[in-house]
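The primary structure of each chain is shown beneath.
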Amino acid sequence: MSHVADTPAQPIAFTRNAREALADAQLRRNFRGAMDALMDKRRNQFPDGDELERLRAFGNRVRARALSKLPDLLERLEANLVRNGVQVHWAETVEEANAIVHGIAERHAARKVIKGKSMVSEEMEMNHYLGARGVDCLESDMGEFIVQLRAEKPSHIIMPAIHLNAGQVAKLFHDKLAVEYTEDVDRLIQIGRETLRRNFFEADIGVSGVNFAIAETGTLLLVENEGNGRMSTTVPPVHIAVTGIEKVVENLRDVIPLLSLLTRSATGQPITTYVNMISGPRKADELDGPQEVHLVLLDNGRSQAFADGELRQTLNCIRCGACMNHCPVYTRIGGHAYGTVYPGPIGKIVTPHMLGLETTRDLPTASSMCGACGEVCPVKIPIPSLLRRLREEAVRAPAAEPHHVRGQGAKHSRKETLVWRAWRTLNTSPGLYRAAMYAGTRLRGLMPADIGPWTRYRSAPKPAARSLHELAREHLGEQ
Amino acid sequence: MSPLSSAPANATRVAPPLEAARSYPAKPADVYLFGTCVIDVFFPGAGMDAIRLLEREGIRVHFPQAQSCCGQPAYTSGYTDEAREVARAQLALFAGDWPVVIPSGSCAGMFRHHYFELFKDEPETLQQVASLSARTFELAEFLLEVCKVRFEHTGAPVRLALHTSCSARREMNTHLHGRALLAQLAGVERVEHDHESECCGFGGSFSVRMPEISGAMVQDKTAALKGSGAAEVVSADCGCLLNINGCFEKQGDTLRGEHLASFLLRRTTSASTGGVR
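Keeping their order, the protein sequence lines are chains A and B.
By UniProt numbering, the letter at position 181 of the first sequence is numbered 181, and the numbering carries on one by one without gaps.
By UniProt numbering, the letter at position 151 of the second sequence is numbered 151, and the numbering carries on one by one without gaps.
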């Protein structure tokens, strides 16, 4: 598999984006309030900590087992889907996935696509690709509909418009849909639904994501709260589901704990309003449903993560978003600052496999390693460990073997490497360390008041007059 | 799908729980103290107070003078080889049977949990790592669970807030030990602060690599501590204190956090000095 980019890509301007987001008081308030509410909702769903730990361990094992036989499960999934009448397509890259979807649209002379929520379609930038070829895509998930109207990307994988408050949506609808200005949330949702409704019937194709692809039965399972997912997958004559290759699970039994973990971790719901299970197109004696169902299975760098036993854990993810809801960095800068489809902690560990470390080099370092993400992850992805691992890959010499991650060495710097080597020498040479501590404490008066980034928000730390080594030596004797 | 088929089967790791219930040894006559580099330079008083607290319980403290840093700064920055060599130097210094007490939960977590990863390809070193890991205790944990201290508060009643380092809390349960020690003190009212379990924004190199985000986090943390009504702030992690106190000072505030060991030595007497078994 080739992951080599033709030209070195520009890094995402994460630091600049973050600075702008931090200065936006409205954005900060919106995220803090929304994330606090989501954390409370999740907490209320898991009142028993021991039970939560057992469930997380179970979820982790189910995902680990599925991944341990991923190639086999994918083959079984394909065979059973085909037996059910679903057409299965494989795409290594987003370009291939888009070409497959466009090919289906062309065969049906489709002009209009209605979409249920799908982060993989965001990964593909499907709307843009099809739009440029004369096929209009309309998002039917309320949050996605709102960000599409604003020509924005989702700022959260579960709640795409979480960065906006009711007033901002009221103004948007008033400006773009020519309706009365109202901040009544129920009324706003009603306006959105009225706008969307006729589009379900006019669409030539419905597109959706997949939450779990069940190998044993050849079933695509899709959760949602608005009914738009069911409409998108049943009303238009053609349904195209797009998903990542990691979403396969072995059987329906495996879905039960994962589904429970997913909805409780994501939105604090015991179950979503709709749970759709799609096992094929309309049969001869059925009155509704699409005539054709397609599944596009996308790799887009996932096999790179899969090939490494540690990084493979990235693919445990069931896309609940709990890691971003609990992340102190995400809470302060929001999803757009990351400049990637998947923001927050999961975005920092999954995106380097999709885009390479050249563009995503700053993402793994954008973490205080506080561990909140790993603690809440329903399938126990050790996100802080994987961030550390990606930092290691980013600073390794670009040519060092073995080569695990595309863009290895994107943050490699001779100067920084030398600094850490000097640090190593200092901390492994007791005589040198003692001399350095002596000098550091005796020269503490020379510590500048401005030491760059640190002192923008804090005073400079002052070394003590004498080190603990000295004080302990005086008190306990030389040891 | 050739890359999938060529990957090793069952390579996926199943994450174990980091800090499960731990059994504790009887109170020893001797311990090692690992002072940590941040305490060495910026908070040596806290290190001395930790030594004196242990001595108050009748324990002889050994401080190997060749000790330096646990290796965490390089490890979290991705410089694993450099971290490993610094870790190796510490391993050799604490090779006896005595427990290793560390007045910093995140450094204790490094000894106790992360050295396994650092030396995963060195089976012989791993035996030393396992021994060190089993003997490593964060100070509050050691006082509470091994020394089984009974402290009594002296002086005027005080309201205080306890800040715990995130990695220390998640890897060493330091919040539980700190709270339990403070709960022994009749004159101490521990007050909660807003978003108490949220990170203060330190994160080692994160604070200089991502200064704006880190700055926003520590400003929120200091505001929460001030808003808690606490007259004093204590923490068992000097990395966080460096960050939080620096922000207090920059804001012209007189509040400063101090190490839990310093607070305990200053404001308690021990009723548990009965002795060494």
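Derived from the structure by calculation, the hints contain no laboratory data.
Any given hint could turn out to be false.
As the list claims (entries may be wrong) - The following residues of chain A were derived to be distant from chain B, with all beta-carbon distances above 12 Å: (1) 191; (2) 396; (3) 428.
As the list claims (entries may be wrong) - Anything over 12 Å on all C-beta distances counts as not near chain B; from chain A, calculated: (4) 184; (5) 198; (6) 199; (7) 464.
Stated by the list, open to error - Looking from chain A toward chain B, a few residues come up when the C-beta cut is under 7 Å (computed): (8) 19; (9) 80; (10) 395; (11) 398.
Ideal Cβ positions, reconstructed from N, Cα and C, are used throughout, including at glycine.
Here is what the structure says about each hint:
no.: 1; hint: 191; verdict: holds (35 Å)
no.: 2; hint: 396; verdict: violated (8 Å)
no.: 3; hint: 428; verdict: violated (4 Å)
no.: 4; hint: 184; verdict: holds (31 Å)
no.: 5; hint: 198; verdict: holds (41 Å)
no.: 6; hint: 199; verdict: holds (36 Å)
no.: 7; hint: 464; verdict: violated (5 Å)
no.: 8; hint: 19; verdict: holds (5 Å)
no.: 9; hint: 80; verdict: violated (17 Å)
no.: 10; hint: 395; verdict: holds (5 Å)
no.: 11; hint: 398; verdict: violated (14 Å)
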